[in-house]
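Those protein sequence lines, which keep their order, are chains A and B. Per this note's numbering, residue 1 is the first one in the first sequence, and the count goes up by one each step. Per this note's numbering, residue 1001 is the first one in the second sequence, and the count goes up by one each step.
Worth flagging that the hints you see were computed from the coordinates, not collected in a lab. Computed from a predicted model, the values in this text were never measured in an experiment. Take these hints with a grain of salt, some might be off.
Claimed, not checked - Distance condition first, Cα-Cα at most 25 Å in a straight line; then the derived BS3-like pairs of lysine-lysine: (1) Lys1148/B / Lys1179/B; (2) Lys1253/B / Lys1405/B; (3) Lys1280/B / Lys246/A; (4) Lys159/A / Lys1293/B; (5) Lys1352/B / Lys61/A; (6) Lys145/A / Lys202/A; (7) Lys156/A / Lys1293/B; (8) Lys156/A / Lys247/A; (9) Lys247/A / Lys1280/B; (10) Lys1280/B / Lys241/A; (11) Lys1410/B / Lys1308/B; (12) Lys1077/B / Lys1044/B; (13) Lys1308/B / Lys246/A.
Claimed, not checked - Some chain B residues well away from chain A (every beta-carbon gap over 10 Å; in silico): (14) Arg1053; (15) Ala1125; (16) Val1128; (17) Phe1197; (18) Glu1217; (19) Ala1219.
Note that beta-carbon positions come from the ideal geometry of N, C-alpha and C, so glycine has one too.
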Amino acid sequence: MFKKLTLTVFASAAALIAANLPTPEAVFNKSIQATGGRANYERVHTMLSTGSVEIAGQGMKGQITVAAAAPDRSVTTMEFQGIGKIRTGTGDGIAWQSSAMQGPRLLDGEEREQSLRGARMDAMLHWREVYGEVKVEGEDVIDGKACWRLVVMPPKSSKPETLWFDKESGLLVKDASTLVSAMGELQIESLYLEYKDAGGIKIPRSVRQAMGPQTLITTITEVKVNPDLPADAFEAPAEIKALLAKK
Amino acid sequence: MKTLRYVCLLAALPAWGLAAEPENPVLASFDQVWNTVRQRHWDKQKVGEAWDRARAELRPLAELAKSAQEVRPILQKLLDMLGESHFGVIPAEAYAQLNGGSAEEAEPAFDIRVLDGQAVVTRGAGDVKGGWILERIGEREIAALVAKAKAVASGEREAKLIGYAVIHRYMKGAPGAAKVMTFLDGENQLHTVTVPFAAQPHMVQFGNFPPFSMEVEHAVRNGIGYFRFNTFFDPEFLQQELSLTIADCGDCKGFILDLRGNMGGIVGLAASTAAWFVPKQDKLGTVISQTGKSNLVVFPRPNGFHGKLAVLVDALSVSSAEFLAAGLKDLGRARLFGEQTQGAALPSLIEKLPDGDRFQFAVADYISAAGAAVEGAGVMPDVAVRPTRNDYLDGRDPVMDAARKWIFSKE
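This is chain A alone, in the form it adopts within the complex (with noise of 0.2 Å):
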């Protein structure tokens, strides 16, 4: 009897919980609104981001160049000192690295699909077809703020993610994903920082990627919304050209 009542009371628990979460929809769209809105971001077509990045504690800093097309065309470009320049691609179904530190390489696997699904600009609009299933599991202070938690669990990947939307501002605040690659799987979280407009639409200014052992801390200074970018501006370098002759 006691049992049973009290299965009772956690099940109405529970499901006043539930009852109290907002759907996804709702925290998408919010965070749609409050980022500038679904007309606004259908106006982004191009974006070339400048900035800086340092590796926390460790003394090395450098640039940072992000080109982005829609919808998941894009070449970052990294320039640390005493590293040399870390170039990776998508664009066309295909993920691309290149460095010195580890030569060039084809993304396969989990590690292309969530470097393509990364570099989807329209993500927020698309956001059902971009994370797959979607749902709100409770709340949490994240830097201060209280937050949604969600979790999504994107297709062709085998690791769900997480993300946190300010309730208040309906920002994106912070995801947590493992990426999974031929080095292993790697916890990776990031902390979106500073949002300020660009074209209409906010922007994170700030990224605090704490990865394994490190943290990498993106300053972003320009955004630039629709340039006119060169025509190669997304072409693949020759080594990995080179790689994608031989498949």
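Given the coordinates of chain A, assemble chain B onto it according to the supplied hints.
Just chain B, lined up with the frame of chain A:
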């Protein structure tokens, strides 16, 4: 969330130290070292109760230290309790050149190794000949330095490394300057030579590491490619030089990768160097840190060299050089010649301390592709060759000779 808390704790560390003892950066440095090891060491048992006891014993001594110089031996005693490589304090003076101070960065063109308790010239240059024994630098007796290194080292390999490092400190000089050095030749005759210091052609700077002089030597001779480098830094320069050598080696019978005296550097460069010699994607080994396991993966280069590969190693092949040697050996891709490597093979980071010194600390263990720990054990050569002073006096390099012989053999 777990990682975030971990990051926040790290970010809070210096602030905590400074807030607790704002007037004492020396004590704050002790606290930062102790805390960093406590929080970031991959083996929690090792930094459990014993680590607490070490703090209780040594922190009172650190409270009495008045300068970075005074706290260094206390910190070293603390770190020595771990019994692992890649834990140490680098004096701020090592960074003097970066800060516009005086820097004795140039080195002579000759090189030495500690052999049988003596500093033997292994690569002659100018008036200094191979096989000579370095007796004095100015008035400083080298035999005393070698003896001191032997006294503090845990074994012969470490004595060679410490001896080399200590002697090298005195061998450095300002570019354009010279030092008087005394050598003993093969006939037991003393030679006093004024050794000039030319500016290092390739100095590299990487994060919080002190500036390094990078040397690369490469050639294609008699059907064999040869590549020697002393450190795994400046990836673009290193990979470009290696690619040029391999491009010239289309008809080579074999290739010699000389890792003797290579003091390591960026861990990932071990894999990208192997990428020129490994035909299919594979892993050199596994890095095990507090946050999990990560494979050191080799992504093959499109135009690599896949013929016979000999890797030369000695007790001064350290860290990334050991990752590369162990990995190529385990993958069955190379034959190793020379002496057992140092066994100082832990991936590490360097952070700045409140007193201005830098703290190098290991953040992971390294297991080779065959599943063996390299730390402490080192990498054993397939063909053991131990050069003698007489070899250098006669202008021979028996390790290189053994590698050449194998390359031209039908083995």
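Quick rundown of the hints versus the structure:
1. Lys1148/B / Lys1179/B: Measuring from Cα to Cα gives roughly 22 Å; hence the hint holds.
2. Lys1253/B / Lys1405/B: It holds: about 11 Å lies between the C-alpha atoms, which stays within 25 Å.
3. Lys1280/B / Lys246/A: holds (13 Å)
4. Lys159/A / Lys1293/B: holds (17 Å)
5. Lys1352/B / Lys61/A: holds (15 Å)
6. Lys145/A / Lys202/A: Holds: Lys145/A and Lys202/A sit about 18 Å apart, inside 25 Å.
7. Lys156/A / Lys1293/B: Holds: Lys156/A and Lys1293/B sit about 23 Å apart, inside 25 Å.
8. Lys156/A / Lys247/A: Holds, at about 22 Å.
9. Lys247/A / Lys1280/B: Within the cut-off at roughly 13 Å; holds.
10. Lys1280/B / Lys241/A: holds (18 Å)
11. Lys1410/B / Lys1308/B: With Cα atoms ~11 Å apart, Lys1410/B and Lys1308/B stay inside 25 Å; holds.
12. Lys1077/B / Lys1044/B: It holds: about 20 Å lies between the C-alpha atoms, which stays within 25 Å.
13. Lys1308/B / Lys246/A: holds (24 Å)
14. Arg1053: holds (26 Å)
15. Ala1125: holds (28 Å)
16. Val1128: holds (32 Å)
17. Phe1197: holds (24 Å)
18. Glu1217: It holds; Glu1217/B is separated from chain A by about 19 Å at its closest Cβ, greater than 10 Å.
19. Ala1219: holds (22 Å)
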